[in-house]
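Residue numbers (the numbering used here), protein chains in the order written: chain S, 127 to 369; chain Y, 27 to 119.
Hints may be right or wrong, so weigh each one.
[Claimed, not checked] Okay, the calculated bits of chain Y under chain S, using three or more residues with CB under 8 Å as the criterion:
id: 1; segment: 74 to 84
id: 2; segment: 88 to 94
[Claimed, not checked] Sample of chain Y residues with no beta-carbon within 12 Å of chain S, all distances over it, derived:
id: 3; residue: Ser31
id: 4; residue: Gly51
id: 5; residue: Ala53
id: 6; residue: Ala61
id: 7; residue: Phe104
id: 8; residue: Ala105
[What the hints assert, rightly or not] Pair ranges (Cβ atoms, derived):
id: 9; chain 1: Y; residue 1: Phe39; chain 2: S; residue 2: Leu263; range: 52 to 58 Å
id: 10; chain 1: S; residue 1: Val342; chain 2: Y; residue 2: Gly116; range: 47 to 53 Å
id: 11; chain 1: S; residue 1: Val138; chain 2: Y; residue 2: Gln113; range: 17 to 23 Å
id: 12; chain 1: S; residue 1: Ala258; chain 2: Y; residue 2: Thr40; range: 45 to 51 Å
id: 13; chain 1: S; residue 1: Ile246; chain 2: Y; residue 2: Gly34; range: 49 to 55 Å
id: 14; chain 1: Y; residue 1: Gly34; chain 2: S; residue 2: Val323; range: 31 to 37 Å
id: 15; chain 1: Y; residue 1: Thr78; chain 2: S; residue 2: Leu160; range: 26 to 32 Å
id: 16; chain 1: Y; residue 1: Gly116; chain 2: S; residue 2: Met158; range: 27 to 33 Å
In case anyone wonders, no lab produced these hints; they're calculated from the structure. Given the structure is predicted, the values throughout are model-derived calculations rather than measurements. Each residue gets a CB set at the ideal place from its N, CA and C atoms; glycine is no exception.
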Amino acid sequence: MQLQDISPDQVVYYTIGPFHLNATIVFTWGIMALLVIVSLLVTSRLTTGGKMGRLQNLLEIIVKGMRDQIREVSGGQEPGIYLPFIGTLFLFILVSNILAVVPGFEPPTASLSTTAALAICVFLSVFIYGIAKQGLLGYFVHYLKPTPIMLPFNVIGEFSRTLALAVRLFGNMMSGVKIAGILMAVVPLIFPVVMQVLGLLTGVIQAYIFAVLAMVYIASATRTHVEAQQKADAHEQGESDNG
Amino acid sequence: MDSMSLIGMISIFTAGITIGLGAIGPALGEGRAVASALSAIAQQPDEASTITRTLFVGLAMIESTAIYCFVVSMIVLFANPFWNAVQAAGAGG
Numbered sequence: 127m128q129l130q131d132i133s134p135d136q137v138v139y140y141t142i143g144p145f146h147l148n149a150t151i152v153f154t155w156g157i158m159a160l161l162v163i164v165s166l167l168v169t170s171r172l173t174t175g176g177k178m179g180r181l182q183n184l185l186e187i188i189v190k191g192m193r194d195q196i197r198e199v200s201g202g203q204e205p206g207i208y209l210p211f212i213g214t215l216f217l218f219i220l221v222s223n224i225l226a227v228v229p230g231f232e233p234p235t236a237s238l239s240t241t242a243a244l245a246i247c248v249f250l251s252v253f254i255y256g257i258a259k260q261g262l263l264g265y266f267v268h269y270l271k272p273t274p275i276m277l278p279f280n281v282i283g284e285f286s287r288t289l290a291l292a293v294r295l296f297g298n299m300m301s302g303v304k305i306a307g308i309l310m311a312v313v314p315l316i317f318p319v320v321m322q323v324l325g326l327l328t329g330v331i332q333a334y335i336f337a338v339l340a341m342v343y344i345a346s347a348t349r350t351h352v353e354a355q356q357k358a359d360a361h362e363q364g365e366s367d368n369g
Numbered sequence: 027m028d029s030m031s032l033i034g035m036i037s038i039f040t041a042g043i044t045i046g047l048g049a050i051g052p053a054l055g056e057g058r059a060v061a062s063a064l065s066a067i068a069q070q071p072d073e074a075s076t077i078t079r080t081l082f083v084g085l086a087m088i089e090s091t092a093i094y095c096f097v098v099s100m101i102v103l104f105a106n107p108f109w110n111a112v113q114a115a116g117a118g119g
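Please take these sequences and the hints and turn them into a complete structure.
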């Protein structure tokens with residue numbers, strides 16, 4: 127077995143100078159096109175009446191479900207500003223993992239470069255959302271808590287959870303694809319189908335977990351601000367009640 | 027025994043030991059986590075959705091240690107850097 131069996135990065139279709147067009151990029155573009163085209167199709171004829179299309183119904187369920195989940199995970203924050211980022215992550219990973227059962231399709235999430243890119247996006251978004259909510263100083267002071275001695279550990283924690291996010295998704299998807307491939311070679315009848323069903327389940331759970339963990343990390347950077355405000359509000363309320 | 031077969035042999039042994047030991051710890055941990063989540067749901071069925079979500083996130087965290095072991099064993103088996111180096115040296119010499 128060669129390296130190209132480990133990662134779809136090694137399957138190169140086309141080369142222009144130093145740039146290689148590999149399977150990961152091609153299938154990522156495919157999923158992006160699929161998501162965009164379906165969304166355009168649905169949103170081009172939206173109705174507010176009682177009778178709506180099936181796809182619009184599906185899309186509304188997905189968006190509403192994601193909004194509710196974000197609100198619950200982030201401790202009651204408004205999902206509006208988080209929905210585009212978290213929703214995109216979730217839908218991309220979900221579609222890519224589900225399509226893994228299609229023969230000939232190499233899920234781009236089974237390549238470490240895709241999952242690392244997604245994890246870096248989460249890493250940066252934690253800073254962006256945190257600084258937007260708490261201000262530059264307010265956010266970086268958060269690293270000195272509970273004591274300044276914890277600073278290096280907080281920084282290491284920030285990096286290690288990004289690494290864990292990338293390797294977890296990569297490992298899960300890669301193992302699913304590889305085990306299906308190995309079983310196909312050893313027992314070609316029926317048993318691989320069972321493993322594919324299991325792979326479908328893990329794929330959906332992994333998409334969900336990636337999105338929830340991203341939201342948890344962002345919420346940990348933004349929530350302290352909200353909590354302080356709520357405490358201040360409650361305090362004010364109490365004083366006005368007393369007075 | 028030449029160095030090539032030695033590297034191959036040690037790689038396969040190591041991959042087996044890695045995946046074997048790496049499965050034991052997470053399995054015990056996941057068992058405990060699921061057991062306590064189930065008893066928590068039995069005590070407070072109203073909180074089942076929150077507990078289930080936390081359980082899934084926790085299981086993903088525990089499982090990632092097993093996944094690390096799997097990734098390492100896959101690298102040792104199929105993308106072994108020592109193997110490639112020996113092959114390159116063999117082809118060069």
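Evaluation of the provided hints:
Here the segment 74 to 84 of chain Y counts 4 residues with a CB under 8 Å from a CB of chain S, which clears the bar of 3, and the coverage holds. Three residues within the 8 Å Cβ limit are the bar, and the segment 88 to 94 of chain Y against chain S gives 4, so the coverage statement holds. For Ser31 of chain Y, the condition that its CB be more than 12 Å from all CB atoms of chain S holds, with the nearest at approximately 18 Å. The Cβ of Gly51 of chain Y lies farther than 12 Å from every Cβ of chain S, with a closest approach of about 16 Å, so its non-interface assignment holds.
Against the 12 Å criterion, Ala53 of chain Y stays outside the reach of chain S, whose nearest CB is about 16 Å from its own CB. Even its closest Cβ contact with chain S, about 19 Å, leaves Ala61 of chain Y beyond 12 Å, as expected for a residue assigned away from the interface. The beta carbon of Phe104 of chain Y sits about 5 Å from the closest Cβ of chain S, which is not more than 12 Å, so the claim that it is off the interface is violated. Here Ala105 of chain Y does not stay apart from chain S, with its beta-carbon only about 6 Å from theirs, under the 12 Å limit.
Taking the beta carbon of each, Phe39 of chain Y and Leu263 of chain S are about 54 Å apart, inside 52 to 58 Å as hinted. For Val342 of chain S and Gly116 of chain Y, the Cβ-Cβ distance of about 49 Å falls inside the hinted range of 47 to 53 Å, so the restraint holds. Range check, Val138 of chain S to Gln113 of chain Y: Cβ separation about 21 Å, and the 17 to 23 Å hint holds. Between Ala258 of chain S and Thr40 of chain Y the beta carbons are some 47 Å apart, a value that agrees with the proposed interval 45 to 51 Å.
Judged by the Cβ atoms, the range 49 to 55 Å given for Ile246 of chain S and Gly34 of chain Y is violated: they are separated by roughly 36 Å. Take Gly34 of chain Y and Val323 of chain S: their Cβ atoms lie about 35 Å apart, and the range 31 to 37 Å holds. The hinted range of 26 to 32 Å is satisfied by Thr78 of chain Y and Leu160 of chain S, whose Cβ atoms lie roughly 30 Å apart. In this structure the hint that Gly116 of chain Y and Met158 of chain S lie 27 to 33 Å apart at CB is violated, the actual value being about 43 Å.
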